[in-house]
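For the sequence shown, my numbering assigns the number 1 to the initial residue and increments by one for each residue that follows.
Rather than coming from a laboratory, the hints here were simulated on the basis of the structure. C-beta atoms are modelled at their ideal positions from N, C-alpha and C, and glycine is treated no differently. Treat each hint with caution, since some may be false.
Simulated restraints on C-beta separations [as the list claims (entries may be wrong)]:
hint, residue 1, residue 2, range
1, R118, E81, 15 to 25 Å
2, M80, E20, 37 to 47 Å
3, E89, D28, 44 to 54 Å
4, D96, P11, 33 to 43 Å
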Amino acid sequence: MAAVPKTIRMPDEVRLPIEEEAHLARRDFSSVANEMLLEGIKMRRIPGIVFADSPSGGRVARVAGTGLEVFEVVQAYWSMENSWTRLKEAFHWLSDTQLRAALAYTEAYPDEIEERIRRDEQ
Numbered sequence: 001m002a003a004v005p006k007t008i009r010m011p012d013e014v015r016l017p018i019e020e021e022a023h024l025a026r027r028d029f030s031s032v033a034n035e036m037l038l039e040g041i042k043m044r045r046i047p048g049i050v051f052a053d054s055p056s057g058g059r060v061a062r063v064a065g066t067g068l069e070v071f072e073v074v075q076a077y078w079s080m081e082n083s084w085t086r087l088k089e090a091f092h093w094l095s096d097t098q099l100r101a102a103l104a105y106t107e108a109y110p111d112e113i114e115e116r117i118r119r120d121e122q
């Protein structure tokens, strides 16, 4: 992915939290800002998805209102031969909207989810 230099004006209410996160994470401003922007784009594109720090490090997509990572729902769905009925039964405490968000996220970002499933299987 090519990085194209751009200039952006940021009010302090945007810049300061990014600077703080960069300092705490010992990362540069640009990488933290890009990560936050990309997460915001993904959450706006797929409502019902949020991002959180994973225990193993890094940020992961989760189904909003749950502790479930998107890959966990999708991995189960694939193991059930893509059966919507079986998925709903397996995750009976989740709403249709939550389940559909996980599947929509996977459709929009398949490489990310497939890589996460590969790491889990190892």
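Structure-based check of each hint:
no.	hint	verdict
1	R118 / E81: 15 to 25 Å	holds (20 Å)
2	M80 / E20: 37 to 47 Å	holds (43 Å)
3	E89 / D28: 44 to 54 Å	holds (46 Å)
4	D96 / P11: 33 to 43 Å	holds (38 Å)
Checked against the numbered hints listed earlier, the structure breaks none of them; every hint is satisfied.
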